[in-house]
Amino acid sequence: MESTKPSRGFWVLTAILGGISVAAIVYFWTTPTVQPWLPPEGGHPGNEVDKLFRFMAASAAVLYTFVVGYIVYFAIVFRRRKSDPPDALGVHVHDNNKLETAWTILPSLFVVLLSIFSVKIWSVLYLQQPANGLVVESIAHQWGYVFRYPNVKGEIPEEMHLPVNVPVTLNLTSRDVIHSFWVPNMRLKADMIPGMVNVIKFTPTRIGRYPIICTEFCGTLHSRMNGMVSTENGAIMVVESEAAYQAWYHRTQIAQARAPSAAEATEATAIALASGSASAGKTLFSQKCSACHALGPFSQRVVGPGLMGVLHDPSHPNLVDGDPATPANVAKILQRGFTGSYGTMPNQSENALSNQDIANLVAYLNTLK
Amino acid sequence: MSVIAEHGGIAEHIHPEPQGFIRKYIFSLDHKIIGIQYLITGMVFLVLGGLLAELIRIQLMNANGGFLTPDVYDEVYSIHGSTMVWLVGIPILTGGFGNVIMPVQIGARDVAFPWLNMISFWLFPIAGLMLFSSFLMGAPVAGWTEYPPMSLQGAAGTSMWCAAIFLVGISSTLTGMNFLVTILKMRAPGMTFTRMPLFCWGQFATAPLLMIATTALAAALAALFMERQFGVPFYDPTRGGSPVMWQHMFWFYSHPAVYIMILPAFGIISEVISVFSRKPIFGYRLIAFSSAAIALAGFMVWAHHMFTSGIAPYMQLPFMILTFVIAVPTGVKIFSWMATMWGGKIHLTSAMLFTIGFLILFTFGGISGVFLAAIPFDLHVHGTYFIPAHIHYVLVGGSVMGIFAGIYYWFPKITGRQMSEFWGRVHFVLFVIGFTGTFLPMHWLGAMGMPRRVATYDPQFQTINDVMSIFSFVMTFAILIFFINVIFSIRNGKKVGHNPWGARTLEWQIPSPMPYYNFKHIPSVYGLPYDFTEPLPYAHLEEELTDSPVPVGAH
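Chains as they are written, first to last, in the working numbering: chain V, 1 to 369; chain A, 1 to 555.
Careful: at least some of the hints might be erroneous.
[As the list claims (entries may be wrong)] Computed list of lysine to aspartate or glutamate pairs in DMTMM-like fashion (alpha-carbon distance at most 25 Å, straight line): (1) V:K282 - V:E242; (2) V:K369 - V:D357; (3) A:K494 - V:D84; (4) V:K5 - A:E534; (5) A:K494 - V:D87; (6) V:K282 - V:D357; (7) V:K82 - A:E421; (8) V:K5 - A:E54; (9) V:K369 - V:D313; (10) V:K98 - A:D531; (11) V:K282 - V:D313.
[As the list claims (entries may be wrong)] Just so you have them, the derived chain A footprint on chain V, three or more residues with Cβ under 8 Å: (12) 81–89; (13) 174–180; (14) 355–367.
If you're looking for bench data, these hints aren't it; they were derived computationally from the structure.
Everything numeric in this text was worked out from a predicted model, so none of it was measured.
Cβ atoms here follow ideal geometry from the backbone N, Cα and C, with glycine treated the same way.
Please build the complete structure, drawing on both the sequences and the hints.
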């Protein structure tokens, strides 16, 4: 029977593996960028995600070095040799309470540490992002993205512009199937799900052009929703200086305002909004509207969006058709109905609403704050 | 521990062996024949699924595609994934190895419900044919996960997919039930839970997963089928359905499903590593109980697949932390296997090489799983090539390596002959090289910005995809060597005795191939099967290897 004490070779190996581990820790701790492991980082809180990556990569390197090092060493050193008798046995060890306790407790402690670190970064992602800032909506469809900006009419396809160092809130949804919104450089992703609004909050800190990629399979041309900066294919997020952004914004605002929309082809009948009664509107709302609209925030969607504060919500300055949230524009939607990325709403005749009913409803909606 | 299993029914009786070809080999009630049927059918689907994988790799050799149309490409990877999970991994590891080995290892003459066992098996090839027949009517395109509303748009074959997976789900549920009752009620006298071989512990932990989790999948599939065929709105948001509900129900099944494919492999590894290290398994109790712990915890982590689906941020935290926690019992197993090798007299047979390969590759997959569990990092790599990389490291580096180890290990028990060790080593070396070259770069591709399930991609990633495809051909070549080795060895392999490896579990104490009745006399068990320095802990086995007549109808 052989000794159960580890040999000298074992300790030499342990020292070597320890050295490799220290090198890995130092590398992931001090390397100025996480390239080539991840694409160049372009914003906050993506930089926080990178910290977690460094921590996990260093820990993984240490663990894996030891596991592979020992397994290969054992397979070589403890292999059965030609000189061994055919019935030679290994050392008779089947338990070691100290060792087993150690390798249960140590990983458990690591799990606690990793949980604390991950929750910390999680809270940066979800809880510590500035509440105000630029609000942009993005709607995915088969197969592309459109973007909506405050006070810009209609939808801008395939290219979004953001000013550098300004916090952004992205409201994401889809018109048909599940898509997703991923900007690898920002380390952020959310699925774009029909009937739901998912939110990403971040602050781009580096000027550049970044691909926007769909990572949920969405049909035949899913591969086209794969932004490629190199070939200018697909959707691109352009992060630029404040001045360049403002120039783009005003240019786009004017261009979008000129573009005729289908709804404008029919002239709306003027409605005497001043004559509306909020109390009559409240009754009507429960009969005509509440099946599809909740009295909650915009994101609380039943069929259409939630309507609490529809005329007073600074984070949703626009209605679903891209027009500013004014009483007249709300009346216009009630008259014409709506068909678009947020579903379909019946028009005035389908809903059996008189002009006075519409005035009453607008008056009621105006009281919701 | 003095739990003596009750034994009754078929465990007590030896029925005469049926003689007709149909009753003996086709509609057999014998667990060993059924197990071999599972293994062969599973291997056929492994070949089909592997060919689909090669179509994927050929398509990806060009960033602009061109080999397949996007629609056909989507069908190919969807059926590849579905085949490998439901027609290869689960059937081979549960119905296959579980049937051939588990009843013998616990000292029983068959499973508890042989007729049910036969039905379980026959549902499986039927479901497989249905799944592949969906190619004729437009196969599903939304991957093996088939998220609605996309799967509501899919061609007619998507409904066939639902029906096929539902059917194979029934097969798994019945197998799980059968195995659970078998292990609970039919262990030989003295075979307590603390003396049961670890392979049986793996099956014991897997059986409730098969029974409980599969029902959630069945419900989700039935709802998807009804919505597609009859317009019942479960998932379509424009009609009041919830697409995220599918994800919850699907992953409530599919996370345990990956444990269904790894716990039996853990069992195989535990047997092989002890036998070929000529040492007792290190930390028997911890390995056994950690299997049960993994199975239990596996039910509480499903939403870690859904961190980007818009579930409330606070709801994500328990799923993240519980997923981290699973790393502890898994780590304990890895360390225990390493400690089993320490101080051993390691026979580097093909089975042992695949076991060592398992330890090295599966550990990598486990570590990338921890990366994915961390919400902030998952938000970056979810839905990218990092995911196929991880899943292939745990299911190929883990489950498939375990399957290979099991086949090299138990082949002499099933056929009485040994597979070529030389070609087994060639298979091992080429397979590990091919596997690493194919799947290791996928982690990096995903993290750098390549999404999964794309027929065309950013040209900057083309060179590395070409290299990966070439390595995948090496892997396919290795599997070809394996199949030639199997087919050649069935007839021409070296004849070996009943116990060529000097193993101590019960199946090695009876003749090879195993006789119809398994045991002439039900053995009594006095200890663990891993103490190589002790005499065998069994009684009443004296006549098993002799020519004494089979006591038909007797105990």
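These are the hints, each one checked on the structure:
| no. | hint | result |
| --- | --- | --- |
| 1 | V:K282 - V:E242 | violated (44 Å) |
| 2 | V:K369 - V:D357 | holds (21 Å) |
| 3 | A:K494 - V:D84 | holds (23 Å) |
| 4 | V:K5 - A:E534 | holds (22 Å) |
| 5 | A:K494 - V:D87 | holds (21 Å) |
| 6 | V:K282 - V:D357 | holds (10 Å) |
| 7 | V:K82 - A:E421 | holds (17 Å) |
| 8 | V:K5 - A:E54 | violated (49 Å) |
| 9 | V:K369 - V:D313 | holds (8 Å) |
| 10 | V:K98 - A:D531 | holds (21 Å) |
| 11 | V:K282 - V:D313 | holds (19 Å) |
| 12 | 81–89 | holds (count 4) |
| 13 | 174–180 | holds (count 4) |
| 14 | 355–367 | violated (count 0) |
Hint check: violations occur at hints 1, 8 and 14; the rest are consistent with the structure.
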